[in-house]
Amino acid sequence: MKKIRILGWSALLLIFVASFAVGFKVAAEHNLNDGYEIGDLADDFSLKNVDGNMVSLSDYGSAKGFLVIFTCNTCPYAQAYEDRIIALDAKYKPQGVPVIAINPNDPSVKSGDSFAKMKERADKKGFTFPYLLDEGQKVYPQYGATRTPHVFLLEKTTIGNVVRYIGTIDDNYQDASQVEEPFVENAVNAMLAGNEINPKTTKAIGCGIK
Amino acid sequence: MNRLLLVLLVMSIFFGCAEKKKADNGKSEIVENEMVVKDGDEQNDIPFPIYDFDGFEPLLHNNDGKTYVINFWATWCKPCIEEMPHFERINSEYGEKNVEVVLVSLDMPNMWKSRLEPYVEKNKIQSQVVILDDPKQNDWIPKVSEEWGGGIPATLIYNKEKRTFYERGFTYEELNNELKTFIN
Chain A
1 MKKIRILGWS ALLLIFVASF AVGFKVAAEH NLNDGYEIGD LADDFSLKNV DGNMVSLSDY
61 GSAKGFLVIF TCNTCPYAQA YEDRIIALDA KYKPQGVPVI AINPNDPSVK SGDSFAKMKE
121 RADKKGFTFP YLLDEGQKVY PQYGATRTPH VFLLEKTTIG NVVRYIGTID DNYQDASQVE
181 EPFVENAVNA MLAGNEINPK TTKAIGCGIK
Chain B
211 MNRLLLVLLV MSIFFGCAEK KKADNGKSEI VENEMVVKDG DEQNDIPFPI YDFDGFEPLL
271 HNNDGKTYVI NFWATWCKPC IEEMPHFERI NSEYGEKNVE VVLVSLDMPN MWKSRLEPYV
331 EKNKIQSQVV ILDDPKQNDW IPKVSEEWGG GIPATLIYNK EKRTFYERGF TYEELNNELK
391 TFIN
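Chains as they are written, first to last, in the working numbering: chain A, 1 to 210; chain B, 211 to 394.
Since the hints were made in silico from the structure, they are not lab data. Glycine residues also receive a C-beta, built at the ideal position from the N, C-alpha and C atoms. Accuracy of the hints is not assured; some may be wrong.
To be verified - In silico BS3-like pairs for lysine-lysine, Cα to Cα no more than 27 angstroms straight-line:
id : chain 1 : residue 1 : chain 2 : residue 2
1  : A       : Lys64     : A       : Lys117
2  : B       : Lys323    : A       : Lys119
3  : A       : Lys110    : B       : Lys323
Unchecked claim - From the structure, some residues in chain A lie toward chain B, with a derived Cβ separation under 7 angstroms:
id : residue
4  : Pro76
5  : Thr146
6  : Asn172
When you get a sec, could you build the whole thing from the sequences and use the hints?
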């Protein structure tokens, strides 16, 4: 009888401990969901490009960094910035910092952001960079992207890809010719020159990720 | 026993989810907001006031005893459109109770005529609609609230005593309950 009671109590204790372990696990995952901060190491990914090939950051042996840009077909802000994203790739790919565009939206919620529509858009606009689908929506929460377009500048270092800048492309979504502060260009230039990036984060209105 | 297990599990899950979201430490630079130069015609036949942030900012700091519900939205933002009826209902139910709802459209200039005006007309929107047109978002977003990451829908509720910012959508009940905490 006593034995059974002890058994019962140990089982209870086990459940108690286990339930806390579950709690901590959820907490840890939740922390991840808050996304990267400046100075964090960004994980690599393997996502399908519009040309059918899988793309990872590790494919780019000679890159000095990456402009990982969460963008999509349907958001008016993303559309307003398409030509500027192409221009960023044209300017910085030769300097070792290519654009990697990722569509974080769930095509079953947003049909205009389906893989087929992504292909169409990339062809029509002549994207010179990979345009990847975040299938299963695992990558954007890891980065902490909340809207489109949302830029993460990474610097490749010996310890991994370090997050250097998070935010918007520049300070005038309406008119590229009226831009006073090209935030991303300033950030990449500073990074390549080994200077302090300022500002390291910026805010903008964007479309929520669906 | 099963019940205990359930309680513990629920507790642990709650514990896990109760983590506070990390604040977006977006940096704001204090730069003078410039008047946005707009096409004259574009402005003339739009039936809503169009503000840059300097023109708009006083709306965030009225000190007249009323409670203000300031909702940031756009016609292209689906969750914004979904919650619009709740703001309209609040506006009609609390209109006599010193509550003012202001719907701040962040639609782009080329959508004012083609989307915003038809939407307001078709849905017979009764709350006050204003347009905030200021591309220097990194400067003005933190002036609305330091907590705001830039997502919409977003809503600011304030009066003389209290001020809370919500970067989220609302059901009618949620909005009503929040508003009640401002008017006792």
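We went through each hint and held it up to the structure:
Between Lys64(A) and Lys117(A), the direct Cα distance comes to roughly 31 angstroms. Violation of the 27 angstroms bound is thereby established for this hinted pair. Between Lys323(B) and Lys119(A) the CA atoms are separated by roughly 31 angstroms; this puts the pair beyond 27 angstroms, and the hint is violated. Of the supplied pair hints, the one linking Lys110(A) and Lys323(B) holds, its CA atoms being roughly 25 angstroms apart against a limit of 27 angstroms. Interface hint status for Pro76(A): upheld, as the beta-carbon distance to the closest one in chain B is roughly 5 angstroms, under 7 angstroms.
Among the interface hints, the one on Thr146(A) holds; its C-beta lies about 6 angstroms from the nearest C-beta in chain B, closer than the 7 angstroms criterion. The closest approach between the C-beta of Asn172(A) and any C-beta of chain B is roughly 4 angstroms, which is under the 7 angstroms cut-off, so the hint is satisfied.
Hint check: violations occur at hints 1 and 2; the rest are consistent with the structure.
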